[in-house]
Each structure stands twice: as structure tokens, then as C-alpha cells.
Amino acid sequence: MSFNAYSISPLWVGFGSTTRNFSTAQKDEAGKTVKFSFNPTVFVGTSFPFLFSGIYLSPAIGYAKYSTQDSAKRSEIILQYHISQEITSYFLLQYGLSNTLTRISGKGGSVSLNNGTGTATFYTPDTAKTSYMASLDLGGEFIFTQSFGTRLQFSVDRFLNSQSRRVSHFVTINYYF
Amino acid sequence: MKKYFISTLALLLSFNVNAWTLGTSNGFKFNSSKVNFKIAGNDCSHAGLTSSAIETLSNDSNTTYWGTAPTTSLELSSGGVQSSINTSADDLTAAALKGSDNTIVVGCSSNATLFSSASTLAVGGIACNSGICQGAVLLNDTASTSLATLSREKLIATFAHELGHALGLGHSSAISSLMYYSASGKVFTSLSQDDIDGISYLYPSEKKLGGLAGACGTIDTGSNSKNNFIGSLLVGFALIIAIGKLFNNRKQNQNT
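Protein chains in written order, with the working numbering: chain X, 1 to 177; chain S, 1 to 256.
Heads up, some of the hints might be wrong.
To be verified - Here are a few chain X residues that sit away from chain S, every Cβ distance over 10 Å (derived from the structure):
(1) V13
(2) I87
(3) T88
(4) Q94
(5) Y95
(6) V111
(7) Y132
(8) T150
(9) I173
(10) F177
What the hints assert, rightly or not - To be clear about the criterion: a stretch of chain X counts as covered by chain S if any three or more of its residues have a C-beta under 8 Å from a C-beta of chain S, and this derived list gives those stretches:
(11) 115–129
(12) 164–170
As the list claims (entries may be wrong) - Heads up, simulated DSS-like pairs for lysine-lysine below, C-alpha to C-alpha not over 27 Å straight-line:
(13) K73/X - K98/S
(14) K154/S - K186/S
(15) K186/S - K35/X
Hint data in this document are derived by calculation from the structure and do not stem from the laboratory. In this text the structure is predicted, and so the values were computed from the model without any measurement. Virtual Cβ for every residue (Gly too), placed ideally from N, Cα, C.
Produce the complete structure using the sequences and hints provided.
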């Protein structure tokens, strides 16, 4: 199958997972860091021919939801502004920028937690805050059939700041309309 | 088959525990994301730390922990050792008041009431009054302190935990979190996602790509957050579609 588009098609939908702070966020008391965690993510995207043959502008929007407890919640909207470059008929190299809007919220109230000498009352927020982050992305899309493919992408988050620069990855299975 | 597929999918779910809390019911935090340390001039004689070493400890806790969160605007910097500040007998309130707005006073204290238990290695907190927010981190410098026996890794983590309180965070129920109440038996390497979420809530990184994200509006706080969130989505995507259509139409016109 040749990936060839001259209009707002193919439209694609992808379902998969987002892992943030790859190999840096601590995940257990033994000091291990996160390599992969399943956080349901949905993407919708499209492609347009762009300037040269085999080059496409491929914007996409994604939504990721993170499992929570104790009433604190987190979700993301990911806006991707990618270039897709046809390497073979079945493989596209993708690169570009993305912007992530992270929404963190809670439903308010208080919780009693151990403080070492007894318990103390702490509080969960009753409002939401949104944090913005820009990333540099690099990935690839493997197209298996006319309708299905898979995408693996790495993002360098906050790429301009050497101290807080982090890597995330996305993997999705895509359906092309 | 569908039942088994859903069950398998459920097994794959990783329950990322988001269990961070705020330290106060008012959600006290510094008004500016640029927060300054002021290191007290008195040494921790029992804990074996000079004021200069405490400044290094403060900087290390920032570079190892709080300064590494990608979704926060928090910037911690040291204002140096202030010989005029002495916290040797202070509790948290007294120490905090020796700093100015948006400042965390860091020092040693042998206050017996504050450190009535040898297991309390350090304390931290923040208070805001009439719009001025001041914080403090005090290290246990009583005769019974066990700070001197800590490894460098644990010392930095202990300090960073108390610094989290001084920035406005409460404890977390997630064992992997820096803000979990106990350091016992734990290996510390970095912030957990739970810690990152907490500090990002208090000090979210602001919209820097104005226009590119399609967000028209103010920095999201409070009740407008959801509307601006959706607004970013719709306006940004519409912009992308419009640009794509423009290129597509130009290409088709060239081909005809």
C-alpha cells in the first residue's frame, strides 16, 4: 500500500498509551524508574501533502487520561504539529513539535495521613490548573494494511531547559479511514 | 471473545497513584514561581553541617528533585548565606519571618519543642499573611539528631521533602513519592509522577507558545481552566486544518 494523500484524508484514529518522564520518574520504593505505564490515549489526525513529494503535514490531537486515586486527577490534551516523510511504502518518519496541556485537578476535601509521629490533616484541591509544555518529537509510523498501522513516538519535553528536559513516549495502533 | 479482550485490557492498566496533597486548607503557595533560599548563618554543630554545606544541600535538592519537573514554572535559587540570620532556637514561624516575601529561610535549630522526637530529622512549612508568603526549612540540630548518620542521598531527599512542604505540598499516600511521610527503607532517585503533579498544580508552567496552541485567554486557574483547555483544543486544531487546506488548494491549483 502506498501512503498517498491529496486531500484531508486519510483521517486516522489511534488508540494506545502515553508514558511520561521515561526512565526518570521514580515508580517504587526500590528506586526504579518508569519505563512503561499504560495510560489510555486516543489520537485523531490527518495528513496533507506539503511542499515536496513524499512529505506531509500531519497534525493530530490526542487525549490521555491517567489513573488516579484520592481524588487528585490528571489528563492531557496533546496537540501535535508533525511532518511525515515517506521512507518506504510502509514506513513514515515523523518529526515536529507538540504542545501538551496538562490539567490537574481534585474534588476538594481533606485527608488524614501519617506524619511520622501520628497523623495530620492534608488537603486536596477543589479547582483545576493547566500546565503547558512544548516538546520536540521524533517517531515512526508502520503501515501494515490499508486500514491499520502502528505509531511509536518519542518526545523530548521542555527541550529548551537542560535541568527539566525529559523524555516521553507514545505508542498507538491506528485505523485509517 | 469480547469479554476476554476487555479483561485483558483491564489487566494491562497501570494504576498510577496520584495521591499528592496540599499542606494547608488555603492552598498556601508562593505568589511567584521564582523562589529564593536564604541560608541562616549558624552551623548545624550536632548534625555536622556548616551553613555553606547547607547551601550546597539546598542547591542539590533543587537540581535532583524540584528543579527537574518539566510541567512546572518553579525556579529555586540561592540568595546565599546570610550571617545576620540565626535560626538556632527558632520554630518554623520564627524562622520564616526572618525572610522576605517569596523566600524560604533554611537553617538549623535545636528547639526542643520543635524537635521533641529524635526521629524528626527536619521540618518545613509555608505561611501567607496579607499576600506575603514566607517559608522555612529547619534541620534538627539537637543533641539527639541522627542527621549526621544519613547518607548523602537520604540527606538530600530529606531536605527536598521538607522543601516540598515549604513550597506548599502536603504528604502523599504513594510510597514511591518523595512526599511520602517516611524515608525508612526507601531508595531515593528522583521525583515520582505524583510529586511532579503536585508541584505542577501549585506552580504550573505557563503558556509560552502563545498562538501556536491556539489558546486565547488567560493563564488557566480556577473555574476558567476547563473552558480554556477546550478552547486551546478547538482553536488550535482549526488553525492547523486551515493551514493544511491552504497548502492543499495551492498544490491542486498548480497541478491544473
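(message) Output the indices of the hints that this structure fails to meet, ascending.
(response) 6, 7 and 13
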